[in-house]
Amino acid sequence: MNSISRWRVRIFRTLALSLILSAFAGLFTPRAAVAQPGSGYWFAGSTLVFAKAQNRNGNLAVALDDPGLSKFLSKLGASVNYVAGQRYVVIASGDRRAITFTIGDTHFSDGEIRGEAPFAPFQSGASVYLPFLTLARVLSVVPVGDNGTTVLQPQISALDIRIRDRVTTITLRGALPLKFKRSSPAQSERVVLSFAGVASTLDPERAVRGSAEVRSVTINVAGSPRNPTTTVTFDAGRGTLHALAPSETPNVVSIGFAGPGIALAGSAIPEAGPPNVAVAPARTVSAVETHRALPPPPAVLIDPTTIRNDDYAAVGGALPVDNAVPPPPLAPPVTVTSIDLTASDQALSVRIGVSGAVRYEWHRLGDNRWYIDIKDATLGVPGRDEQPQTAAVSSVRIRQFNDDPDPTVRVAFDLTSPRQVDVAPVQGGLTITIGASDDPQPQRVGAGRLTGGAIVAVAPLAGSNDIWSPPSQTVAHPYVPTNPKLIVIDPGHGGSDVGAVHNGLVEKDINLDIARRLRTLLVARGWQVKMTRDSDVDVASPNASAHDELQARCDVANDAGARLFVSVHVNSFPTTAQNGTTTYYYKDSDRPLADAVRTRLETIGTADKGVRKEEFYVIHHTTMPATLIETAFLSNSSDAALLRSPDFLRKVAVAIADGIGDYAANNPVNTSGGS
Amino acid sequence: MKALRVVVILAAFVVAALVVYRYVLQPRFQAADTITVYYSEIDGATLVPWKVSLGPDRSRKSVAAYALAQVLVGPPSQVEAIRFPAGTVTRGVTLDGSTLVADLGGTIAGSVGGSFAEAGEFKALVWTMTALPDIKAVQIEIDGRKVATLPGGHLELDQPLARSNF
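So the protein lines, in turn, are chains A and B. If you're matching positions, the first sequence starts at 21 in the numbering used here and goes up one per residue. If you're matching positions, the second sequence starts at 6 in the numbering used here and goes up one per residue.
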């Protein structure tokens, strides 16, 4: 009995302990936390106040949708990836590290490095709260006391040294975009750069072992906790050259040092810099686009009641509400523009005109009924019932069969017998022919796709329950131009869409310049030429969607039945690293044209990036062989220098015209269609 | 009596184990489990896979959102890669059968870049997302809407993109 009592005591002790532990743990769950506004941090020149903050075991938890946090992250060049209802919060630091927090887990990761926060991120109400100081430290921002105020001090957090091929590259990584002033003479072997607003806890003196170019790097932090300045001195060897290397992110500054006679990539270190981190200028947008390009910067002290949804976009649309996702847009409407019936004694031909890309599906029912559904289309002509004068069918019904969200136009026939029915896509629609004779082995179902006039494929529907239907066939119909002498030239971008802007050059203007030169050459060689634009305008309208604008360019060529479509562009890239000429194709029928043009473009003096297949809109949605030429990179200084030269632009136009000539000589025009 | 004792002891252990699991052990980071994320090298032609560790949440949607965020951030900055513009973020992911709807926002909504970068960015995105089980294609949305291309862009985005598109 005694031992039983002891066991009872032990059991109850264990249970009591468990309950006490549970109770304690329960105290620290989100619902028990009391909201406390942040006490106010000093950060980058102003006070940072959090409107949505909680005290969590003495640690500050800040909501992802807090405007103060948005401001903090945006100054660091960081952004938030969070999908409402999910547990992962991935923060991209300005120097491209992925920092992952998980709701309910104290562990976080910084790339492949793991750490542990004092508390797990949690959800409270509609918001997700993160351990703020842990986040700040991972982003290389260190809290420092200053007369009773906590200063959040951004740091130069890393100094990487790479020695390769007698070039030593030293890279500094900052918590925020780094701006420097050079206080050493331009030609000096000692380079001294001062970074205002950042501190550093890196070793003050670092010898660079194994480098013949740089002896040491000295780091000196001066100024006050609120306004620190870090001065970095690179002590390079005699006769060493140096250059500012291109950087993909403004938080990173890289300087290359090379011995005499060694080639060094980059630009001279300016007195104040970086002069042009490519990221921002490369993404210049036109006035029309600006309103949706960047969210307005959040105010310093924010009254939460004044926050518009747009403000949250700065941290990645982190609105933690499921219904925050705007409704899906309407698909570009496709209309059945005409239905023409041509009846003969024994047969009926029906031509259905459509305004854009659609799918269709047809079915043959057992009682000699046959119908075709044009999917995602609305009937642009009145529905009707007809009894055409033919022995092939007894009646035809044309209806808007379904409305939104699945608009379908149905054309249904009552056949007089199991007649043969052919469905043939043609330019701008399709033709249904109900033949004079019966089909001994009629297919029960089929489907296809029309790409706004072009023919993609005609094949029986996969999964057909028709076991005795013949194997599926893909029928390629050769393109037949209605005007075999016409070439449409598309100068890319234009009007409100400036394209890329770099090095003082604007893409839309260069595209037009080359296109006009090309037109002159082609006309002189006997071609007819139509330009999608011949001035600085939008082809559709300044406020048109990308779809309408690009489709308008395709329509110029499709409507005219042109033989070829040539789109002229200039490329750009976020860094100076890319240069050269690329010729793009998409459709199989584009390839010979792209190859011919590329061969000639090899002579213009740029690097050849070859022929590439990409689903670019204008080469996909033009029905004729088409190519898109990216002549050179605006973002590369030597390519940009070429693009400034009228002689180079003339050479480009000559090469394209020659390529078109080669293509035409080897690819005689089709004079008969496949159907 | 003996049976009751056993039951009580077992119950005590279960309670203790649950408390320990809830507040001590769970959730643990399972470092061994990874996803494959791709980036495009700056030649625009080569895709490079790299492994990224996965946290404790393994639901399809969470993993998809996580993979999407990883491909938008890209590899560490030391790696020369074609990258989405800094500040491009995940707004949402939806699974529609074998098609993943990836809703992107942030700076990409005002993006005017070159066709070369666009092709490299979206190729990496599509390869990353279709490396996840049962995802065959990706429908891109920008700020919750289907678009024909990016503003001032080139690559067609209004149809789901599969690996075969690149």
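No lab work stands behind these hints: they were computed from the structure. Hints may contain errors.
Taking lysine-lysine pairs in the BS3-like style, the calculated list, with each CA pair at most 27 Å apart, reads [to be verified]:
#1 B:Lys-7 with B:Lys-141
#2 A:Lys-633 with B:Lys-141
#3 B:Lys-56 with A:Lys-395
#4 B:Lys-151 with A:Lys-633
#5 A:Lys-550 with A:Lys-505
#6 B:Lys-141 with B:Lys-151
#7 B:Lys-66 with B:Lys-141
#8 A:Lys-395 with B:Lys-7
#9 B:Lys-66 with B:Lys-151
#10 A:Lys-505 with A:Lys-395
#11 B:Lys-66 with B:Lys-56
On the chain B side, residues computed to face chain A include the following (Cβ under 10 Å) [as the list claims (entries may be wrong)]:
#12 Ala-8
#13 Gly-49
#14 Thr-51
#15 Pro-54
#16 Ser-58
#17 Gly-60
#18 Gly-79
#19 Gln-83
#20 Asp-108
#21 Ala-136
#22 Pro-138
#23 Ala-142
#24 Ala-153
We treat Cβ as the ideally placed atom computed from N, Cα and C, and that holds for glycine.
Verification of the supplied hints:
1. The straight-line distance between the Cα atoms of Lys-7 (chain B) and Lys-141 (chain B) is roughly 59 Å, outside the 27 Å bound, and the hint therefore fails.
2. As the CA atoms of Lys-633 (chain A) and Lys-141 (chain B) are separated by approximately 20 Å, the hinted pair is consistent with the 27 Å bound.
3. Distance check on the hinted pair: Lys-56 (chain B) and Lys-395 (chain A) sit about 42 Å apart at the alpha-carbon level, beyond 27 Å; violated.
4. Restraint check: the Cα-Cα separation between Lys-151 (chain B) and Lys-633 (chain A) comes to about 23 Å, which is no more than 27 Å; the hinted pair holds.
5. Taking the CA atoms of Lys-550 (chain A) and Lys-505 (chain A), the gap is near 11 Å; set against the 27 Å cutoff, the hint holds.
6. About 18 Å separates the Cα atoms of Lys-141 (chain B) and Lys-151 (chain B), which keeps this hinted pair within 27 Å; it holds.
7. Of the supplied pair hints, the one linking Lys-66 (chain B) and Lys-141 (chain B) holds, its CA atoms being roughly 15 Å apart against a limit of 27 Å.
8. With a C-alpha separation of about 73 Å, the suggested pair Lys-395 (chain A) and Lys-7 (chain B) falls outside the 27 Å cut-off, and the hint is violated.
9. Taking the CA atoms of Lys-66 (chain B) and Lys-151 (chain B), the gap is near 20 Å; set against the 27 Å cutoff, the hint holds.
10. Restraint check for Lys-505 (chain A) and Lys-395 (chain A): the C-alpha separation of about 35 Å exceeds 27 Å, so the hint is violated.
11. For the given pair, Lys-66 (chain B) sits about 19 Å from Lys-56 (chain B) by alpha-carbon distance, which is consistent with the 27 Å threshold.
12. Nearest Cβ of chain A to the Cβ of Ala-8 (chain B): about 13 Å, over the 10 Å cut. The hint is violated.
13. With a cut of 10 Å, the hint placing Gly-49 (chain B) at the interface with chain A holds, because the nearest CB-to-CB distance is about 7 Å.
14. Interface hint status for Thr-51 (chain B): violated, as the beta-carbon distance to the closest one in chain A is roughly 13 Å, over 10 Å.
15. Here the hint on Pro-54 (chain B) is broken, as its CB sits about 15 Å from the closest CB of chain A, past 10 Å.
16. The beta carbon of Ser-58 (chain B) is positioned within 10 Å of a beta carbon in chain A (closest approach about 6 Å), and the interface hint is therefore held.
17. Checking Gly-60 (chain B) against chain A by beta carbon gives a least distance of about 4 Å; that is within 10 Å, so the hint holds.
18. This hint holds: Gly-79 (chain B) has a C-beta 6 Å from the nearest C-beta of chain A, less than the 10 Å allowed.
19. The criterion of a C-beta within 10 Å of any C-beta in chain A is met by Gln-83 (chain B), whose closest approach is roughly 7 Å, and the hint holds.
20. Look at Asp-108 (chain B): its Cβ gets to within about 7 Å of chain A, closer than 10 Å, so that hint holds up.
21. Because the closest C-beta pair between Ala-136 (chain B) and chain A is about 17 Å apart, greater than 10 Å, the hint is violated.
22. Interface hint status for Pro-138 (chain B): violated, as the beta-carbon distance to the closest one in chain A is roughly 18 Å, over 10 Å.
23. Contact between Ala-142 (chain B) and chain A, as hinted, is not supported at the beta carbon level, the nearest pair being about 13 Å apart and thus beyond 10 Å.
24. The interface hint given for Ala-153 (chain B) holds, since its Cβ lies 3 Å from the closest Cβ of chain A, which is under the 10 Å cut-off.
In the structure shown, a violation is registered for the earlier hints numbered 1, 3, 8, 10, 12, 14, 15, 21, 22 and 23, in ascending order.
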